[in-house]
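Student: Sequence:
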Amino acid sequence: MQVKNWWTWIWSSNRGRLILALGAGLVFPLAFAPYELWPLALLALLVLHQTIHRATSKWHIVALCFIFALGKFGAGAYWVFVSLYSYAEVHVLVAIGFFVAFLLATGALFSVLALFTTKSRYPVLNTFVFASGITVVEILFSLPWAFGFPWLHLGYALIDTPLRVFAPLGGVWAVSFAGAVSAAALSHLLFRHWHASVVAVVLWIPGLFLPLDDVAKGRQISIALVQGNVPLEEKWQEDGWKNSLAKYVWLSNNLASKDLIVWPESAVPTDVSAIEDYFVDAVGDLDGRLVFGALETRNIEGRSATFNVAVAVNQGDLDYFRKERLVPFGEYIPMRGIFGGFLRPLGYPMSSLTPYRPGQSPLRVGDLTLGTAICFEIAFPHLMRRRASDADLIVVLSEDSWLGDTSGPWQHHQIARMRALELNRPLVRATNDGITSSINASGFVVNQLPRFGNDVLEDSVVLEKQNTTFAQFGLLPITLLILVALLSQVLAHRLHSSNRT
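So the sequence shown is numbered by the working numbering: it starts at 1 and just counts up by one.
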């Protein structure tokens with residue numbers, strides 16, 4: 001087949017457009033860390049927009065959105081399979097089956113985008129409706145009751161572009177909206193509709209002139225982030241907590257002068273409430289400065305419950321902050337009565353941590369109020385907005401060893417950068433094997449440790465406590481923008497229909 005005929009077939013046939021959508025989805029994750037080829041995100045959405053507007057029916061549009069999502073999450077979240085197979089030691093067929101089910105679920109939810117596609121006579125309006133669809137889908141992915149996998153949002157890929165200025169206004173979703181407008185506007189240029197591109201250019205202009213990294217003038221504190229690089233197989237042995245604790249204590253020698261010392265998630269992988277006296281003696285001079293990750297087992301209404309916790313040592317007492325957003329099928333089994341009976345015979349690990357109820361008091365170390373996130377929780381903008389409202393800084397305790405040497409830890413780190421930017425709070429992140437870093441209130445990395453080493457990151461952090469629009473109003477600004485776009489589309493459709501009659 002000649003090249004010209006092949007290209008014509010790709011664009012003009014349903015199968016050809018499905019191939020294009022799949023290819024666009026596979027390319028999309030290259031825009032994120034560690035690759036950070038952000039123009040590819042806009043190119044991928046441009047291709048998706050083009051294929052949607054050449055589709056012959058609504059069902060074809062659904063299929064295009066679904067196949068795009070298969071590529072996006074298949075290439076972008078492959079570490080889900082790696083985590084199950086290589087680290088949770090699930091049988092390869094079970095791991096494949098779970099990953100396929102995950103892809104089908106993400107594809108189905110992403111297909112909601114088909115409801116926001118229209119062949120309107122008004123390119124600018126069409127562009128805003130498409131961007132609304134992308135944003136609504138991302139919001140749905142961020143809601144625990146909808147799916148709870150807030151990953152690979154377009155805005156994260158654009159954090160180092162001029163569009164980052166919208167993050168303090170509407171969070172990552174505002175950046176995604178502006179990016180989707182840009183992609184659809186470029187697509188309309190191929191149809192020789194230039195009006196939408198003018199709107200897109202206007203969105204990029206403010207970020208070209210506003211300072212990207214304002215110099216903070218607040219109080220400075222000294223911090224130390226400890227990265228122990230304790231192997232998982234050693235850490236989770238019966239008495240592995242003793243060796244892990246000993247290593248973190250050894251690495252924390254000479255840090256007693258710091259204002260804040262942070263060990264990662266599950267640095268002490270045992271019920272720390274059962275060894276409280278032993279632990280307080282072991283950390284010695286770190287009392288009043290240390291925050292670390294551990295487990296806690298307690299009785300609630302006559303039943304034993306185990307929590308993933310962040311703990312602050314204060315004058316010989318341990319103050320707890322318990323994880324609320326657990327990793328589904330990782331830290332707990334949703335609808336255990338249904339899924340447990342199916343997964344247990346397959347050898348799937350039956351994790352049984354308990355999520356804690358919202359509304360906890362924040363951790364405090366000295367005179368510092370901490371907006372604490374335990375691993376996966378940092379990916380939920382609305383959750384961190386609530387926790388950071390009165391906090392001096394955001395503290396993240398994470399264990400990304402389960403993701404191995406994949407893109408997962410880098411994506412996780414990029415997400416943390418966005419939280420700092422949209423909430424205007426400095427953020428410190430301690431992990432077992434990386435990426436351990438300090439991030440300023442503008443979302444830029446100040447210092448970080450290389451992966452797979454045991455080391456201590458010592459730094460000074462400038463506190464910033466001025467709340468952003470997103471911190472004050474959350475989803476309200478972006479929701480109003482989406483509603484205006486959709487209402488305008490309805491009115492335009494009715495106007496066009498009345499003119500025809």
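Don't read these hints as lab results, they were simulated from the structure. Treat each hint with caution, since some may be false.
[To be verified] No farther apart than 25 Å at their CA atoms in a straight line, the calculated lysine-lysine pairs in the PhoX-like style are these: (1) K217 to K465; (2) K258 to K217; (3) K247 to K235; (4) K258 to K247.
[Unchecked claim] Restraint ranges, calculated between C-beta atoms of paired labels, are given here: (5) S13 to A108: 23 to 31 Å; (6) P358 to P39: 17 to 25 Å; (7) P34 to V112: 25 to 33 Å; (8) D405 to L483: 38 to 46 Å; (9) R494 to P355: 39 to 47 Å.
C-beta atoms are modelled at their ideal positions from N, C-alpha and C, and glycine is treated no differently.
Student: Run every hint past the structure and note whether it holds.
Tutor: Now the hints, each set against the structure:
{"no.": "1", "hint": "K217 to K465", "in the structure": "holds (11 Å)"}
{"no.": "2", "hint": "K258 to K217", "in the structure": "holds (20 Å)"}
{"no.": "3", "hint": "K247 to K235", "in the structure": "holds (11 Å)"}
{"no.": "4", "hint": "K258 to K247", "in the structure": "holds (19 Å)"}
{"no.": "5", "hint": "S13 to A108: 23 to 31 Å", "in the structure": "holds (24 Å)"}
{"no.": "6", "hint": "P358 to P39: 17 to 25 Å", "in the structure": "violated (39 Å)"}
{"no.": "7", "hint": "P34 to V112: 25 to 33 Å", "in the structure": "holds (29 Å)"}
{"no.": "8", "hint": "D405 to L483: 38 to 46 Å", "in the structure": "holds (44 Å)"}
{"no.": "9", "hint": "R494 to P355: 39 to 47 Å", "in the structure": "holds (46 Å)"}
Going through the hint list in order, the structure does not satisfy hint 6, though it satisfies all others.
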